[in-house]
Every structure is written in C-alpha cells, then in structure tokens.
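S.K.: The chain contents come next:
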Amino acid sequence: MGFCNLSELEEAASGPLSEIAAASGVDVKECYQCGKCAAGCPVAASADVDCRGVIRLLQIGDVDRVLKLQMPWLCLSCGVCLARCPQNIDLPALNTAICRYEMKRGIAAEREGEAFMNIFLDNVEAKGVSDETMLAMRYNLQTGHLFQDVANSPRMLSRGLLSGDGYKPAGAPDVKRMVHDIRKGEGGAE
Amino acid sequence: MSRIGVFVCHCGTNIAGTVDVEAVADAARQMPNVAYAGTNKYMCSAQGQDYIVDIIKEHNLDRVVIASCSPRMHERLFRKVLAEKTDLNPYLLEVANIREQCSWVHKDKQIGTPKAINLVAMAVAKADCDTQLFTHEIPVTKRALIIGGGIAGIQAALDIADAGFPVTIVERKTTIGGKMPMLDKTFPTLDCSACISTPKMSECEAHPLIEIKTLSEVEKVEGYIGNFDVTIREKAKYIDYDKCTGCGMCETKCPQKKIPSEFNQGMSTRTAVYKPFPQAVPSKPTIDADHCRMLTEGKCGVCAKVCPTGAIDYQDVDRVTTERYGAIVLATGYELIDWTRLYGEYGGGRYADVISGLQFERLVNASGPTEGHILRPSDGTEPKTMVIVKCVGSRDPHKGVPYCSRACCMYGAKHAHQFMDKVPGGKCFVFYMDVRTPGKNYDEFYMNTLHEGARYIRGRISKITRRSDGKLVCLGEDTLSGNVVEVDADMVVLETAMVPPEGAKKLAQTVNTQLGPEGFFTEAHPKLRPVETNTGGLYLAGTAQGPKDIPDTVAQAGAAAAKVIGLLCKQSIESNPMVAHVDDSKCSGCGACVDICPYSAVTLVEKTLRENSRKVTRTVAQVNEGLCQGCGACTVACRPGASDLLGFNDEGIMREVEAYATR
Amino acid sequence: MPRDNEQTGEFTPKILAFCCNWCTYAGADLAGLNRMNYPADVKVLRVPCSGRVNPQYVLKALQSGCDGVLVCGCHPGDCHYSTGNYYAKRRMMIFKRMVEFAGLSPERFQIRWISGSEAGKFRDTVVEVSEQIRALGPMENDAPSRAAIDAVAGTVASPEADEELFAAAKEAI
Amino acid sequence: MRYANFPGCSASTTGKAYTESFSYVARHAGIEIDEVPDWNCCGASAGRLQSDDLGDALPARSLANAEAAFGDEPVLALCAGCYSNLRRALVHARESEDRRRQIEALIGQPYEAKADVVCGIDPFLEPEVAQTVKARVTQPLNGLKVACYYGCALVRPRALTTFDDEEDPQSMEAVVKLTGAEPVEWGSKTECCGASHHVSNPTAMKPLVERILADAIDAGAEAIATACPLCNMNLDMREAEINKARAARGEAPLDIPVYFFAQLLASAMGASDAEAGITRNFVPGSSLLAEAKTREVVVELTPEQKKAARIAAAKKQAAARKAAQAAAAAAPAQGKEEAHE
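Residue numbers (our numbering), protein chains in the order written: chain A, 1 to 190; chain B, 191 to 853; chain C, 854 to 1026; chain D, 1027 to 1367.
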C-alpha cells in the first residue's frame, strides 16, 4: 500500500517500461487483471507481490516499486501462468526481463537470485559442467545461510549422490571462452 | 445537344455567405449545353420547387443541375419534384454539393466561389450524359420464412402472423422453443421461463397462419427481396403426424431407454421414439433414427405394435419442398461453448460435479432430472458450498472467444440467488472479472444477490482439482486483496460463453449474407439498421446477430417482424434503377463480373443475338436487377467494357473528371 | 486555366478525390456540418463505391490536368457492398505500382479509407495531401511521368493486370 | 531405436538412480544409447536468466556435438531441466534462420538443428519398445497405485515441449501401466515442485513439495513416479524434513516412496534393487515393490461387464419385489376365501 501521483509516474516510467516491454515482448496493457496467473503460481503465496501485482504496478507506471520486488526473482518459469492466461501474456519472459533490467543497472546486487546465478555460471565457466555440491556450499557460504541443507549432505553422501564421476568435457576451454565472452557481452551474436 | 438548367441555392446565408451565388449562375451560363441558370433563396422550399418546375417548362429543359446542399440531403426530394410536377425523368438530375463540401468548409468567397463553379461544372458535364432511368415494380410475395424456432423466431412469427401474413418456421430440432424452455427462471423478475415460453409455443402451433417445420433445414435460397425461392428439407420423422394423436404409448413402451436426454443436458435419459419434453411443439413424438433398434438393426418394432392409430412408418423419407417467400428472418440462436475441450485446468469434463450453467438450470428446474432439488450429479447429495465461475470461454482469446457474452453476469447472479434460496445455509462464491449489469432492474438484482450473501470474488479460477472426499478444490486469486484463495466446493457451475451455432457459416452462404469475425450474422448498420442485413429482405432476430439476453432478443425479434410487415404490406416494391447493365454486343462472356459480384446478381446466359444482320447464339452476362445493388464493381472488372452502371455511367464520370481537370 | 492564385501568385493544385457515397462522402458532409476548414484544392467526385473507380478515371484526371488524385472508400470490412473496397484496394495498389513505375511521384495518387464518422480524418487527409502536392508543384514537374502515364493508359486494361487483380481480389475476401 | 544421450550434470550425482535404472531398462528393451561427446552443462535456470544468448548457446553446443557425431539421431535428455533447455535452443534455432546463424556464431561451430530432442518417457511411447517392455515384465507390480508426476519442465511451455496435454498429460501413465501398476487420477501432476530454486530458496519451496505429496496420498497413490532427477530429489529427499515439520504441528506424516518411472520398469523387469538404484532412494522403496509383486492380480471389469452386473442385480431386485407384492396380494385373498365358507 502506498501513495503515488499517477501523472508524475506516467512521465518517469515510460523509459524503463518500454525497455522492459521490448525485452520481454509483453504489452502490459493486454492484461485485464483476472489473476488466473497468480492463482496458479507456485510462489505467489510466498511472494511480496504476486505476478498479477507486478503487471498492475507496471500498468500504473510504478517502476521503482517493481524494481524492489522479490517476485521477478522468485519466478520458477514453470509456465502455469502463460498456459492459462486468457491474453496469452508471457509472464516468465516479463519476470526475466525485469531481473535482467536490474542486473544491467547493478541495482540487483542484493539479490540472492543474482548471486546464485553468478556462482552457478562461474562454476560452469570453470568446469564446463555444474557441480551441485560445490555449488550449494559456495552459495551458502556467500549468502550466509551456512547450514542450509547441510542436514541432507551426509544422507546424500551415504547414497553416493554427492561424489559424481568427475566428468569434465574435453572442450572445457571452449566452453570457458564461450561463457566468458557472452557474460562479458562479447558474444558472437549481433 | 441537351438543354441543361442550373439552379443555384442561397440556402439563406448558408451558401450565399461564402459563395457568390450570382457569380456561380453567371459562370454556369457560359458552360456547354446550359440553357438556363438562376438562383433562389431556398430551392427546397415549396416556392423554390415551383420556381424549378416553371423554369423547366418555360425553357423546355431536359436536364437539371441543382447546386445546393449534399445530395444525401435533398436529392430524393428534387427527384420527386421532377417525377410528380414535370414530365422530366427524375434521373436526369444532378446535385452539386456547394454547401457541406464548399460553403461550410471555406472562409470567404475568394475560395468558395471558384470551387462552387468547379463543382457545378462537374455536375453539368455529368448531367449531359445522364439517361432516362425507369424503376420497375417488383412483386412482393406476402409470406415470411423464419429460420430458427427459438424465442426470437417464435416472437417474430407471432407478430408477423398476427399482422395477417402467413409464416413458416423452419426448426432444426424436433421441437420449437429453443433454449428458453430449458431455463428455470428468468432474470431479473424470476418468473418461470417455461411458463412464459411454452404458451407462446402452443400459440404458434394453434395459429392458422403459422406453419411449423421441425427437423428441417434450409438447403437452397434463390431470388431476391420479395421473391425468395427457398428449398427446405424436412427430415423423416418415421411418424405420420396426420394419424398420430400424441398419446405417448410408443414412448412408454420403447425398449431403448438409455439415450442421454438433450433437453436435460445429459443428466437424464430418453427413449428412441420421444418428445424432448412434455410441452414440446409439435406435441407429437419423433423416432431418433440413430438409436432406434428397428432403424439401426432392423429388429424391434414395438412402437408400431403398440401405436393405436398405426402412425409409425419406418419407411418414412425426407421431404424436400421449394416455396416462395417475400422476406426471411434469421433467428438461428446460439450454442454454448464446449468447455470440456478447452479447460483441462477445470477437469476437462472429468469431474461430474463441475457443470455448465445450462445444466444447473435443469438441476434447479422442477421438471428437471432432480425435480428441482439441487443435487450433485456424482452422488446425489446436496451441495453445501457452490462455486460459480464466470467468463468461461468469454473474454478468453487464448482458449475461448474474445467477446463478452452479455447474459452470464446476470444468470450467474440468478444461479447464486437460486442456490442460496434452495439450499438454506449454503455458501456461494462467484468468481468474476467484472460485473456487467446494464439493463432495467439488473444492477438491483445483482446487489440483492450480494445482500442475500453471495460472496463475489474478483478473479479467475486457475485450477479445479477433485479431492478424495469429493470436494472440488478451486484455486483462485482475490485480485482486490491480492490473496491467493482456495474454496473447497461441493459443486462448481461454469457460466460458459455463447458461440454461433454449428452450420451458421453454411447458412450464411446459402442465404448470401455475411458473418462477423466471431461467426455471428452481421447487421446492416450497428446503430441505425440493427435488424437488417446488407441483403434486401433478409432480417436478423436474437442471438443469431450476437450474444444477448431474452429481453433484448424478444425486442429485436419484434423489430425484425415490424420490418418484415412493412415490406409485406406493399403490393410491390420499386426496384433501384441505378444498376449494372450489360451491352450484349460487347460482352465476351468471360464471367469476370460473375466472380466479382457480391450479390450473385450476374449470371451467364445463352442469348440469340443479331450481329451484323446474322443471328448468333452466344454466352453473355445478364444482370438480375432485383439482386443488383448498384455497387459497380463488375463494371470495372469488365475487360471489353460491356458492363456499365446506370446513373453513374463511365462516360458521365469521365466527362466529370475532364470538366474539373481542364477547367 | 488559372494555375496560379491571382493574389498571391502561389501555385494552387487541382486534386480530385473519388469518394464512395456511403463512407467518405458522408464523412466529407459531416466535416461541413462541423464547419471544419480545409483547403479548396481538393474537389470530391461522388461514386457509389470505391469499387466503382476505374483506373482509367485516374489516368484521365492525371492526363488532362489534375496534379493529384485521391481514391477514398469505407474501411476494409465496412464496405456498404461488403466487398467493393477490397477490390478497389487490390486494383488501386496494382495500378499505383504501375504508375509509380512509370515515374509518377507516389504522393500524386493515394488511396485512403475514411468512414462516415471520420470528419476529422477527412479534413486532415485533404490538408495533408494538398500540402504534399503543393510541395511537388504542378504535374508538369514530374517530367517523365506525363509521357509514361500516356503509355500506361494503353496497358491499363491488359488481361495480365486483370488476372492478377482477380486473383488478388478473390483472395482478399 | 537409437538415441544420443545427453546425461546432464545430475546424471552421476542426484540422478544416479535414474541413470542406472534407465540404462538397465534400455539394455533389455532394445533401446540403443550413444553418449553425446564433449557435452557441457545446459545452463539450468541460470543460463537463460543471464541472457538469451547464454540460454541458447550452452545447450546448443552439446546439440551441435551430438549432430556432428550422430547426425539427426534424436537427443535424449533424462533430466527435465536439461530437456527443457535443449528444446528451447532447438526451437529457437528452428524458428528463425537468423537465430540459428547467431547461435552458430556463439558456439563457434555449425548447428543445423536437424536432430530432435526427447525426454526419458518418449522412447517408451514407441509401440515396438512398449511391446518389448511388456513382454519382459516378469515381476509385475500388480495394481500398485502410482501417481505419475511430470512437474513443469516436461509439459510447459507449449511452444517448447511436445507433450500430449498441459493440464492432464497421460504419457507417463501409459508407460507405468506396462509394469502392471495402476496410475491414479490426481490434480498435482503438473504442479511445479520448485526444484530449480531448491538451493537458492528452499523455505519457499517446501510447501509446494508438501502439497504434491499430500495430493498424491489423498488420491490413493502408494507411490510417486517422476521423470526428472531434480523433481525426484526434491520430493524424495525433502519428505523427511516435511514430516518432521508436520510432526511438530501434530499432523500425520506424508509417507510415500518416490521412484523414477524407470526404476518401476526396471524392477518389474526383474532388476535387483541395486541394479534399479532403489537402494539410493531416501524414502525406502524396496519393501513396497516387493509386496506389490506378491499381490493378487485384480481383473479390471470392462464397462460392458460392469453394466451386465448392474442389470443382473437390478433384475434380481425386481424379481424379489414382485414376489413380495404377490405374497402381499395373496394374504388378504386367502382371508376372503375363508370368509365365504
């Protein structure tokens, strides 16, 4: 809940809005707020504002608020919303676009989602594959949930689910180069 | 060498204010073939009319150009003047629009006057090429055909027949009445639907001027306004209605009892020889050939044995008749969208207790499968919690249709009211997108339902799952609070979208009119000609034209009837003389005009012609002046230039162009 | 023929607008009813339907002294005769290609859809087109086109063009 | 049928049991498996979050390798996450020639997007394979009630996947039926379990898992079958924690083993628990399968048979009623006779 002057928002929002719209291919005007997306969304209940709310805020131009939300980062891209939306609005794409918009401007630094993404990609960049155990441990260290899921580690170990066969792609260096270039925005495309 | 008279109107100061009318008249006098030019304060006034008439006689003019307001305003009036007060053919008249398109849009005479002169010059040039045109009388067959025997068709039929004209109702099903008798009560007054619709049905049956053809479909329509030749196929009923007394013995004895009843929406069964419901009209049974053992397996014949009048006739065959009608009313109604194909998230029909609104109507109806007790189809228990989902199919371009079905908000409220009325202490949740109640006493009804305790939740149900205890778990969002909500319902009613009935497209082609993008018939003008089509003599009633509720349907049916009566009252109608005309000597019979005509008014015919004093038989195009609406598309398509449009002939337009370009 | 305005000496173009009786002509009347103001360069020629406009009329206009031609009809789908404007559209598009190929400046021949309620759109169209043509100057400026137009005049009713036209038109409905 | 297998990063860790059971079944069902050479991580959710380019490039590189080695041989991705990512790259490359070229530039090698991408279930939808499996089922899981769980990545979004239905798919059911087990109808088969966030945000994801387990049990399922290492891990491993939490709330535990569908096939085809990787399950799964194999085979009546039975019953009732009426009618009649005398 809060106060906002719509006539001022209109002005401020136009830039970011059109960028996010272009990136996601979603026209928020299409949405008539039936909430079928949120109702089926696995994370709506645990989100600060659900996916319908995200679109609503974009509709009224409250971009600042949107850029502070967890919702876009919580999105699992499970596609239930898209599958059932009467207007065929690609919410996962919209959420992704919002996350990228934040990352591009470095305003997502606090986001655990971004931290996870980076650790994961470092991992892939280094090895060509992702080592889930390493991943979990580094993530927990970096984000400070030290003991998250440690309870499970021994159980996984005992079932031989942690070891792995140490596979490393022969072309790991190529993968490294490719991932590096794209992450640095020097990908072959465009 | 024609003698053209130019009459320039001052229209008070409307024209004279920004056009120097005298200068225009002077200029006109210099134009070729102009024998007279003069002005008058109000050309359309009685005095102005007399002035025109006198001058025509005095100067024996043979063409008239009137420079005044738009022809859309007074052309008809001036034609009438020529026709009634002079012996000049009314089509030897041109109107130069120097008011709407000149004096009113320009500031001063510097600009207005020369433009007016230009416009007059163009009119004069065209007038010189005008030819005498003659309307002819098209006889009107004083009978109306109504396609579809729902409440719209019934209302139209009664109104037309009461005005004294014979009417035929063609109904696809075994009884007239359509969907209305299936409904329990009608909003907002809650009067019993069958009680008000079935009397009208029997009134039709009893009416001396109404003929009812059930199990029938229109196969072919030829001709035009006033004279449609309609071919109707009346399917075999296997019962001789002249002998049948409707005693119902056959129904009680028919061994084939397990056929799902269409009337009760599959929630009860019927026999193979059956009447869909007691008050059906005609009140005589028919044999369902797909399920009758005699007709499918060739053994049984019980009904024939028990029939006291020997009316059963297994050898019965379809009857095809062709008759002439003056007007046709399309009242083909609607169907409900098949949600089971589209909404897997609602169980796709796997859950017996997720039902459609029409099924609920039958459940709550005293003559329905449960005698009016609201019971779950699955286990026959009374639901304590009911969920109503609106806009199922409607406003859902992704899965259903993009439009709003208009009636659902109201019958949704009605269903909520009926549930809480019949199930004391019952809880009813209505999931809605918007509540649309534009209609007399509609919003009052909705508010009342709210006060009775219906809980309206603004949001679409996302998913319905069935729990082992039989509860239907409905997941939705209350978009107003932003909470994801869940209801453990005993029964769910889906208010499904109205869609065009199967076969509408084919019928549109048969009667040669258009369907809108949604598949409903298109009216001639959304506001000013809502019950006409662009095809003369073809009218629309009810949901054939688009989703609407019963009050609107009946109103529109009455309006359509009025239009039909207006037409049938005439002994004959005047044909529009401004139609395409083919010059046989130039026509190559290529048929380009036949392909391009939107009214199928042009046909290729064998003609014996006289060509350089020899008789030859050739295929040439022929225009049916009754069907031709005078659009002129064919004239442009015609390569040899044999086809021309009377009243807008090629030479006239060319001269008009030239007059402007070279001036 | 006075090609230049006596007072200002500036060039006043001759533009002919073929308007269908049911939509654009009504729109023009409405513009008058609303006392909208627009240049007098455009004169309206009333036809029952844009489908009635024969390419030859347009040629005739351009040949015999018009500086620009407009063909206006109901919006696609709204034709009073249900399909006339589809034919007009395809027909005029093909024809437009032809005359532009022949060297005519595109602005000199335009096709617009204006409904009976779009008085403002009619006014704007007239203003816009007359400005364009004023910018172009008299037809004589399109040196090559005049000759070419005459050439096209010969071919306009060629069977090939028509075949293409019918195919296009059929597919249009 | 030959497939180019894309093992994915979980094949040798969380998905070990899937790998083992699947290869056992493949061996015995005539499914031939090549391994995609020099394959790399598909990028999971991180790749496509970073950028469309990375989201396409990572999977495309492996697809290109597969294509180079085995031409248009279908690429098999056992992990639903990998399946989804590989298909995304494939669809994008097929959608537009420009995109395909861009992708080639990104991965620095040719990619024609010839080969299709299939998931673990698809091979068994091939009639002949299904036949072989049916024939090889020596220890049927008679009437074992199984809830087939698809999750999201296999069935959505429609533009990417090739599944029969978004809301109520039936393919896994068809495969599981081969073992003699009985799939149950249930509501959560395509609900997301949140696995892709199970590292970054486990707390928010637990309720999803709990709901899925609860639904399965409520639908009368004795076991859950999955077709994805992540889903499987998420359901199987977290069941204990969830039950701990439930116990604290005084709620009954949700007790239901979670198998890879391939484990059920393998076991029914006579694989030892070790061979089928069942020993790796968190929720012990051996005893249930063993017990199921000893069950009576229940013969499912056809609708016709059911109807016949109903009619017979009805007739019997009717007869009884008639008899009763006759008796009732007889009694007073006798009375009259007596009166006459």
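It should be emphasised that the hints constitute simulated quantities derived from the structure, not laboratory data.
Treat the hints with care, since some could be wrong.
What the hints assert, rightly or not - Only some residues are given here: those of chain B computed to face chain D with a beta carbon under 7 Å:
(1) Asp528
(2) Arg531
(3) Gly534
(4) Thr655
(5) Ser658
Unchecked claim - The calculated DSSO-like cross-link candidates involving lysine-lysine, where the alpha carbons are at most 27 Å apart (straight line), are:
(6) Lys1342/D with Lys448/B
(7) Lys425/B with Lys696/B
(8) Lys168/A with Lys1140/D
All residues carry an ideal CB built from backbone N, CA and C; glycine is no exception.
S.K.: Work down the list of hints and note, for each, if the structure agrees.
M.R.: Now for the hints, and whether the structure bears them out:
Hint status for Asp528/B: violated, given a least beta-carbon distance of 16 Å to chain D, over 7 Å. Below 7 Å, beta-carbon pairs count as interface contacts, and Arg531/B has none with chain D, the closest being about 11 Å; its hint is therefore violated. Annotation: interface hint on Gly534/B holds; nearest CB of chain D at approximately 3 Å, less than 7 Å. The criterion of a C-beta within 7 Å of any C-beta in chain D is met by Thr655/B, whose closest approach is roughly 3 Å, and the hint holds.
The criterion of a C-beta within 7 Å of any C-beta in chain D is met by Ser658/B, whose closest approach is roughly 5 Å, and the hint holds. For the proposed pair Lys1342/D and Lys448/B, the alpha carbon gap of about 20 Å is at most 27 Å, so the pair holds. With a C-alpha separation of about 18 Å, the suggested pairing of Lys425/B with Lys696/B holds against the 27 Å cut-off. Simply put, Lys168/A and Lys1140/D have alpha-carbon atoms about 26 Å apart, close enough for the 27 Å limit, and the pair holds.
Hint violations for this structure: numbers 1, 2, all remaining hints satisfied.
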